[in-house]
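Residue numbers (our numbering), protein chains in the order written: chain A, 31 to 157; chain B, 31 to 157; chain C, 31 to 157; chain D, 31 to 157.
Since the list gives no way to pick out one identical chain from another, each pair is judged satisfied if it fits inside one copy or across any two copies.
Mimicking BS3-like on lysine-lysine, the simulated pairs with C-alpha atoms at most 30 Å apart in a straight line are:
| no. | residue 1 | residue 2 |
| --- | --- | --- |
| 1 | K144 | K93 |
| 2 | K147 | K93 |
| 3 | K57 | K87 |
These are computed hints drawn from the structure, not numbers from a lab. Owing to the predicted nature of the structure, the values given are computational and were not obtained by experimental measurement.
Number of protein chains: 4
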Amino acid sequence: MEHVLPVQVYYEDTDHSGVVYHANYLKYFERAREHLLGVEELVALWETDRVGFVVYKASMTFKEGARFGDQVDIRTTVRLASPYRAVFVQRAFRGDALLVDGEIELACVDGDNKLVKLPGIVRERLA
Amino acid sequence: MEHVLPVQVYYEDTDHSGVVYHANYLKYFERAREHLLGVEELVALWETDRVGFVVYKASMTFKEGARFGDQVDIRTTVRLASPYRAVFVQRAFRGDALLVDGEIELACVDGDNKLVKLPGIVRERLA
Amino acid sequence: MEHVLPVQVYYEDTDHSGVVYHANYLKYFERAREHLLGVEELVALWETDRVGFVVYKASMTFKEGARFGDQVDIRTTVRLASPYRAVFVQRAFRGDALLVDGEIELACVDGDNKLVKLPGIVRERLA
Amino acid sequence: MEHVLPVQVYYEDTDHSGVVYHANYLKYFERAREHLLGVEELVALWETDRVGFVVYKASMTFKEGARFGDQVDIRTTVRLASPYRAVFVQRAFRGDALLVDGEIELACVDGDNKLVKLPGIVRERLA
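Next comes chain A alone, as it looks inside the complex (with noise of 0.2 Å):
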């Protein structure tokens, strides 16, 4: 199952290099994964329970330069690799051209930034 996120590339995505700034696709990621999640679902958690997502690993290759006006597709798989670790399989598209290729893996921590178990409703939408 992938899932697919549009963003359209502007001017505050660029550099004066005229492609977009390599630390941007780590927003783009971010992204789709809350839409993946559900936006809804993780302000609840973190208004309810204070648990939050962090960032535990990041990996990116980048093959070509997405430029102003493009649509790049963020496509996204996910798996649980533990009760506490899910790993996003996340690629950037210009159609066909894959542009950045990442791996991001995420933790849960609660309000005292303690690692605790991915919460069951996270778990049940990604297993």
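Based on the hints, put chains B, C and D in the right spot on chain A.
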């Protein structure tokens, strides 16, 4: 004629005080202007004629802060103030609540960074 | 009494037009205000009293763009407009050239997001 | 030989979870690389030869979050992996505490976006 762009508030947009970082409303406003003017037209102007838009003046009043997970609507109206300047009245709303009230003046420059008249296609669109 | 903060322009600050993205001057201005007010004092106010500063109004006029590799000086003066509001006149220079002319009004809010008087330590500093 | 760049954490760097937004460490790392390589040299390479650096790979492990007001030291070592690639080991510390552990691979491209050898001035600097 009012243009409306819905914007989702992500982690990247907020700061440690819990609300959207003030400078990011300028990003939201620019996204809205780009859609209003037409992203393809802006790309074509840039690639063909090296004509780009620059912000000449910006002012904002901040009433209330948007939070993670909110959907914010950017409501924009625009008028030609002269053949060289377009003035955008841009406001951010969460539902009926006005969050930020802004006014942005744009001008156009060519590849040598000289002020030029707003392109015909833009003046027609705004007329 | 003018406060000067030198800021280096990095890739992250520019956009594809070749100059610093307009919203980023608000970031530069905020960095300068934080140094002027005292970073440690701001942290203490936040951690002890949950008092934070919020931008109430911001206006900027853009004269010229800074480029990658430039050093920009943020020159700031400030006055107490009332027990609740501080007004910062903030300008970005490259050498003697004025790039951006800004005025930022700050207020303080408590942990319930209620307006409070500017803390004594701040009023003394600005007096 | 280790290069150290101190970085101040501002409001703009944090997100609503209270710590520095993960993508921003890529910005900190790039600032450090620019100082290590020499900002003036990078500007000259770009303006004279249209040669720019691109990030080819990036990986990070996040241990602990920096907070508003922290000073973070970016510690960088670098080696030439080939005539075309430089590998930077970059770590963010708060005092003695390792916050983020990263590795960034850079390559160079010319004005047509073609891969070119790292410039002599860079290879000398890194040798």
